[in-house]
Amino acid sequence: MTSTETRMAGRLGDSPLRPDGTLKVTGEFAYSSDLWHDDMVWGVTLRSPHPSARIRAIDLTDALRVPGVSAILTAKDVPGENAVGLEHLDTPALADGVVRYQGEPVALVAADHPETARRAAARIVVDYEVLPAVTDPRTALDPDTPWVHADHDNLVRDLRIRRGDPSPTAPVVVSLDFEVGMQDQAFLGPESGLAVPDGEGGVDLYVATQWLHVDQGQVCRVLGLPPEQVRLTLAGVGGAFGGREDLSMHVHACLLALHTGKPVKMSYARDESFFGHVHRHPAWLRYEFGARETGELVYAKADILFDGGAYASSTPAVVGNGGTLGLGPYRIPNVHVDARGVYTNNPTCGAMRGFGCVQAAFAHEALMDELADRIGMDRVEIRALNGMVEGDLTITGQVVDSAAPVAELIRTVRDLPLPAEPAGERDIRELPGGASNTTHGEGVRRGIGYAVTYKNVGFSEGFDDYSTARVRLEVVGGEPVATVHTAAAEVGQGLITIEQQICRTELGVEQVVVHPKDTTVGSGGSTSASRQTYVTGGAVKAACEAVRASVLRRASEALGRAELRLDGEKIVAAGGEVVASLAEVLTDPVEETVEWRHRPTYPIDPETGQGNAHVQYAFSAHRAVVDVDVELGLVKVVALDTAQDVGRALNPDAVVGQIQGGSAQGMGLALMEEIVVQDGIVKNPSFTDYLIPTILDMPPMQVKVLEYADPHAPYGVRGVGEPPTISSGPAVAAAIRAATGKPLRRVPVRPEHITF
Amino acid sequence: MRPFAYDRPDTAAAAVAAVADRPDAAFLGGGTNLVDHLRLGIADPGLLVDVTSLTSTEIVDIDGGLRIGAGVTNADLAADPRVRARLPVLAAALLSGASGQLRNMATTGGNPLQRTRCPYFQDPASACNKRVPGSGCAAIGGATRNHAILGASEHCIATHPSDMAVALAALDTQVRILGPDGGRTLAFTDLHRLPGDTPEQDTELAHGELITAIDVSYPRGRHAYRKVRDRASYAFALVSVAAVLDVVDGTVLDARIALGGVAHTPWRAVRAEDTLRGGPATEEAFAAAAEAELADARPQPGFDGGNAFKIPLARRTLTATLRQTTPRETA
Ligand SMILES: Cc1cc2nc3c(=O)[nH]c(=O)nc-3n(C[C@H](O)[C@H](O)[C@H](O)COP(=O)(O)OP(=O)(O)OC[C@H]3O[C@@H](n4cnc5c(N)ncnc54)[C@H](O)[C@@H]3O)c2cc1C
Ligand code: SF4
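From first to last, the protein sequence lines are chains A and B.
Numbering-wise, the working numbering puts 845 at position 259 of the first sequence, and it's gapless, one number per residue.
Numbering-wise, the working numbering puts 61 at position 74 of the second sequence, and it's gapless, one number per residue.
Hints are computed from structural coordinates only; laboratory data are not their basis.
Just so you know, nobody snuck in bad clues.
Covered stretches of chain A, as calculated for chain B (at least 3 residues, CB under 8 Å): (1) 1023 to 1030; (2) 1216 to 1227; (3) 1275 to 1281.
We put the CB at the ideal spot given by N, CA and C, even for glycine.
With the hints as extra help, turn the sequences into a complete structure.
Here it is in structure tokens:
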């Protein structure tokens, strides 16, 4: 037998089994909607049917008579400040005198059975004076449009970027208008949780969320309690994608629990879930590129309008991203961008995977194709020509100080093998319409489309973005065991596996226990902005390093030797001689807690938009191949191949999983996903009517992962989760344009846009 | 959802009597439509009479065709070897509908009686003449891409959502009905009604009338079912076409055609059939048939862009389906 290196499995670079994987596949995983307490009562929410109304009175008489009801609460029962919100505290926990969107919570009912609670809620009589609703964001800022909030005009944020020549000219000018519909995160686990009163005025909340500590702060404010009395623990999360950054039932369950003295469970029904979380902003975009005859961009102008809906949520940051990243990963010397987010009485919009970049990418990539065609240049090569490289300046004047392989990414996807040209009798499932038998190949045209995009990783514009990790090393039953404790939410992306891998790698310990995520440790920051492997990963790494230093210090003292290091579970001297086992040294546990920050970012200049707003950029490219039935307007995505720079793939399977899932979500927006809102009313709040791609719509993917380590990031990682959601949709839209010759300036693209 | 009583009588006659007795009683099949409506608050029966086990769950041979018990599930019907071999248009229509799980529950009696997916019908806060007669029709001028282009009225522009019913409308189908006053048989094409000024009535069934079985004759000719929808599976039809064409030596001896997604009923395409019957099975004839059928089609404008696209979509889907049902050598 030749010598084989014995190496512990499950370190960085491996793809160990996820601890939650088997449970999820077999249906045994406990999601937040499975939470149970034998003494619990059920909470339900009464919501406004109107997008805009004054509440004249609320009559609870009839509802309180329903047997089994233990509490009904309205705004006047809020003990603390009736205001929550991620960036502005503009959202009442319960509507106080006015409702600003359909579905706004007005009252809460607790009862011994969910149906009893619902029935009682239906008997609450709310006397509404219906008011005119502001539903067209394009006129929201007009002087005669009413204000959605009495104390504030309808502008949430106005961002300007001015760079270079204020009135540039170019020999080739192309422009377009684009419109992006409202997408939903469409997570499968409904908003749900359990609030348990502690009998001493405090409460424990078990909830599916993306950021425990920002929830905790908001819940405390509404309850009027200090953080010690409001403890949060992460429950099983069934998807998030941004839709769990804002509060849903958190405060409501706590209010009911404190009021009744009983544990309160809340779990939204599917239709209610559509009103229980924010959506992706619909956007209206007007773009202009000026270029040389040889293809180099001379200038770019963009005017972007985001409909923020009734409350601010994360609209300011979405505008920030849409503006600062909204021209794509290109080198552009002269720039003029206006991005705005406005209040309306439409559903509130906020965070969703891709965060402001998704909408912009549809516009800049469509326009890049237009420019290529105008000057007769290859669509891939024009992107390679204008694509950023390391050392370039972004449109905010920031130096891109790690890899920016735009040209390599777009050429890589171009050079991947293409699917076979259709020939002979075909399996109808591979054709537009699939098993619906709408074509056997006649009327089908193939098109290929490309897109390349980028996204910031982590929180930007001066936000104090950090994560906290506590790592403990001890001997249990003769074996060293590490326990890692962070509050960073596992939402299905695989963070707990990464935390284990980091501990194994840094401490050489095979057994790594992941402590339940809760607020007894410092904030982990949000599971969003593709940031957790970077930021919480950085914190876990730093905590492991601190633990290792403590262990070695202890070993030095005990053994009277210097220059020791840890090699697997052995303590080794400089010469390589094993001086002790880890278990021998660890007579008491070692525990270290570290708060870790990435490099600071800075606000941008309010007049020029210049500044070092972002900490890291992540780049990706897609090539979509579609077959379009041009007679019936049906599309089959035949291939959706991608290349992405991930810095370093700490868990290659998880990286590919993120890329596949993100690509499907981007494709969904291009083809079918849209919340239809008419006069402020949602017309399709169900998964029967809001369509998301199924496995039959999703093609197999070739995924090419590049690893250009970012020297500024722990292990060189680059955020992975969002870029694929940004570049896949524009590539699909481009491929449909290529197949049909139609301009297609709105997504989702529907049959009627293709056939007529 | 308000409380309701649930009953499972021993016989079909008892079920009919139980429902006929109470204006607020309803039959319950697989419940995949009715239970949704209870949850949405757009139906509130005081009594549900479960008929899944007292109508037949058998498919039996009758002269020249099949008798399908009302309790037969959509899944079992689609899988039946006789249906697959001799009524492939019905099997294809069934399999293009809903999902595997739903087809395991949905019944032969319940499927044709499922109600419209009009979003305003399904939203208790909207005006809807079908749900609340006289309240108006919020769909007109609203989101209309799923609405009718044929046979609509100023009172209702809804479409019938079933796929199965489109195939049954094209076939020679009789509905066997048991009512408080005994049994009767109705041609399937007479079961559904156009909305007119009473859109609250989807069908000609009187309250308390139970579908016990559906008789289908085997037609001559080639079958096809095509369904155009927004996603490859698990979505309702924008437009669908069921067709059985009997072509001999290039001549159409018989044509059976129905359209889905375009009208308040599964739309039997009588004009198209008349145009084709006796004539040549050619591209021109197919185009003429589609033209004739859609001559009276009227688009519904809507804030979502409206449904004008469905007229050419229906025309194209119809001609493509006819092409598919024609032997290659003659087409
Ligand atoms: C998510 C989803 C997607 C769907 N997609 C499709 C699709 O693509 N295509 C499609 O065709 N359908 C689709 N459907 C609808 C589905 O096919 C119907 O809900 C189903 O066929 C109804 O049958 P059921 O037995 O469950 O009826 P029920 O819900 O039990 O009853 C429906 C109606 O019929 C009455 N009824 C039931 N049985 C009898 C009887 N024997 N005699 C008299 N009255 C009776 C009931 O009182 C009720 O009014 C979908 C449904 C859902 C929920
Ligand atoms: S189209 Fe018919 S079902 Fe729809 S709202 Fe109008 S009346 Fe009601």
